[in-house]
Amino acid sequence: MDFEPLIERKRRRFEELESEISSPGLFDNAPHAREVLREHGSTKDLLESWGRLAKARRELEENRELSSSDDKEMAALAHEEIDRIEPEIPLLERALQVSLLPPEPDEDRDAIVEIRAGTGGTEAALFAADLHRMYCRYADSLGLKVEELESSPADLGGLREIIFRISGTSVFRRFRYESGVHRVQRVPATEAQGRIHTSTATVAVLPEAEEVDIEIKPEDLRIEVCRAGGPGGQGVNTTDSAVQVMHIPTGRIVRCQDGRSQQKNKEAAIKIMRSRLLEDKRREEEEKYSAHRRSLIGGGGREEKIRTYNFAENRVTDHRIKLSLYSLDRFLEGDIGGLVEALQVSDIEQRLKDSGIV
Numbered sequence: 001m002d003f004e005p006l007i008e009r010k011r012r013r014f015e016e017l018e019s020e021i022s023s024p025g026l027f028d029n030a031p032h033a034r035e036v037l038r039e040h041g042s043t044k045d046l047l048e049s050w051g052r053l054a055k056a057r058r059e060l061e062e063n064r065e066l067s068s069s070d071d072k073e074m075a076a077l078a079h080e081e082i083d084r085i086e087p088e089i090p091l092l093e094r095a096l097q098v099s100l101l102p103p104e105p106d107e108d109r110d111a112i113v114e115i116r117a118g119t120g121g122t123e124a125a126l127f128a129a130d131l132h133r134m135y136c137r138y139a140d141s142l143g144l145k146v147e148e149l150e151s152s153p154a155d156l157g158g159l160r161e162i163i164f165r166i167s168g169t170s171v172f173r174r175f176r177y178e179s180g181v182h183r184v185q186r187v188p189a190t191e192a193q194g195r196i197h198t199s200t201a202t203v204a205v206l207p208e209a210e211e212v213d214i215e216i217k218p219e220d221l222r223i224e225v226c227r228a229g230g231p232g233g234q235g236v237n238t239t240d241s242a243v244q245v246m247h248i249p250t251g252r253i254v255r256c257q258d259g260r261s262q263q264k265n266k267e268a269a270i271k272i273m274r275s276r277l278l279e280d281k282r283r284e285e286e287e288k289y290s291a292h293r294r295s296l297i298g299g300g301g302r303e304e305k306i307r308t309y310n311f312a313e314n315r316v317t318d319h320r321i322k323l324s325l326y327s328l329d330r331f332l333e334g335d336i337g338g339l340v341e342a343l344q345v346s347d348i349e350q351r352l353k354d355s356g357i358v
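Positions 1 to 358 (our numbering) are the ones given, in order, by the sequence shown.
Rather than coming from a laboratory, the hints here were simulated on the basis of the structure. Note that the Cβ used here is the ideal one computed from N, Cα and C, for glycine as well. Be aware that a few hints might be false.
Simulated crosslink set (DMTMM-like; lysine to aspartate or glutamate; CA at most 25 Å straight-line) [stated by the list, open to error]:
1. K72 to E59
2. K10 to E20
3. K305 to E284
4. K264 to E208
5. K353 to E93
6. K281 to E150
7. K55 to E88
8. K281 to D329
9. K10 to E107
10. K266 to E208
11. K44 to E107
12. K305 to E208
13. K55 to E4
14. K353 to D106
15. K266 to E147
16. K281 to D108
17. K55 to E86
18. K281 to D347
19. K55 to E18
Computed beta-carbon distance windows for the label pairs [unchecked claim]:
20. D45 to H79: 30 to 36 Å
21. P102 to K145: 24 to 30 Å
22. T169 to L77: 42 to 48 Å
Could you build the full structure based on these sequences and the hints that come with them?
What follows is the structure, given as structure tokens:
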């Protein structure tokens, strides 16, 4: 594929972005400024990728000419350079192709993560708690911040549900592939016969919405305050701090009670509500404009069984890319980066194929 016309358009666009960044009024509109800076950075990376590829191609051509020189020493050096440069060209071409892909929506945002116990009773609740711990450890290894927004402990241990926010750099880009049904196969502690049980938990990862993304009118919200539930004697029981928010046009309901203050619970509930409404909007747009879904990654819908955690074999299998790792013990301790990278690579390969760039 001839990249020159695309690169030339990107060069002209980069000049426009440079001019816009130098404008004194850029930050009068914060969302627009963020978008300009993001596009400026990605365009700069693209032009640098093209520069490296063009340089390597020039050097390869020059050394091919020198390799036929009558000067044997010069020809030998040229052959060495050819052997060095030739393997680099496909890698540089692939880096350029990836840079040409449009950025995924919301990839640089923070994320709201919702984990819910599925089928399996107590074992499902324990597994939901295991997933929460796994994500917290992974986030901690990346220097990301985790903030719990709402949780519902199960009576016999584990979690019926937990909602938390992860903030930092490129959070949604890393966690987006976790949405779906997670299945665990293991022997519960209460199983006297040693039989393996299968349980599930669902994970939903939503890009955190901002006020400019979703406008929620005050008259569209019904906010109710009630006494928080919890074990007797805890401070959570002493005030009417639990908040339930209903978005009247959609009927969506969010309830928060973990915070000690009514105001914090209200803010957390509206934050979760805004992110869920943004996800609804994004999903509607995908269904409206997308001809087909990705074959490898899928849409992250909760109906999709994306991963199996098999304790007997110390194995974790991601069904979307048909990859099995025999390090489940380390995986549950937060060492999930390798699988995340494999999912990202598969996603990029599919996007390149769909885009026609390759």
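Cross-check of the supplied hints:
1. For the hint pairing K72 with E59, the CA-to-CA distance comes to about 19 Å; that is within 25 Å, so the pair holds.
2. Note on K10 and E20: the hinted pairing holds, with a Cα-Cα distance of about 15 Å set against a maximum of 25 Å.
3. Distance hint between K305 and E284 is fulfilled; the C-alpha atoms sit about 22 Å from each other, no more than 25 Å.
4. With a C-alpha separation of about 17 Å, the suggested pair K264 and E208 falls inside the 25 Å cut-off, and the hint holds.
5. Note on K353 and E93: the hinted pairing holds, with a Cα-Cα distance of about 15 Å set against a maximum of 25 Å.
6. Between the alpha carbons of K281 and E150 the distance comes to roughly 23 Å, so the proposed pair stays at or under 25 Å and holds.
7. Among the hinted pairs, K55 with E88 is consistent with the structure: their alpha-carbon atoms are about 11 Å apart, no more than 25 Å.
8. Taking the CA atoms of K281 and D329, the gap is near 38 Å; set against the 25 Å cutoff, the hint is violated.
9. Taking the CA atoms of K10 and E107, the gap is near 21 Å; set against the 25 Å cutoff, the hint holds.
10. Distance check on the hinted pair: K266 and E208 sit about 16 Å apart at the alpha-carbon level, within 25 Å; holds.
11. For the given pair, K44 sits about 18 Å from E107 by alpha-carbon distance, which is consistent with the 25 Å threshold.
12. Among the hinted pairs, K305 with E208 is consistent with the structure: their alpha-carbon atoms are about 24 Å apart, no more than 25 Å.
13. Our distance criterion of 25 Å between C-alpha atoms is met by K55 and E4, whose separation comes to about 14 Å.
14. A hinted pair counts as satisfied when its Cα atoms are at most 25 Å apart, and K353 with D106 qualifies at roughly 21 Å.
15. Distance hint between K266 and E147 is fulfilled; the C-alpha atoms sit about 15 Å from each other, no more than 25 Å.
16. Using a Cα cut-off of 25 Å, the hinted pair K281 and D108 holds, with the two alpha carbons roughly 18 Å apart.
17. This hinted pair checks out: K55 and E86 have alpha carbons roughly 12 Å apart, not beyond 25 Å.
18. For the hint linking K281 to D347, the alpha-carbon distance of about 22 Å falls within 25 Å, and the restraint holds.
19. With a C-alpha separation of about 24 Å, the suggested pair K55 and E18 falls inside the 25 Å cut-off, and the hint holds.
20. Checked against the hint of 30 to 36 Å, the C-beta distance between D45 and H79 comes to roughly 33 Å, which is consistent with it.
21. Taking the beta carbon of each, P102 and K145 are about 29 Å apart, inside 24 to 30 Å as hinted.
22. A hinted range of 42 to 48 Å for the beta carbons of T169 and L77 is consistent with their spacing of about 43 Å.
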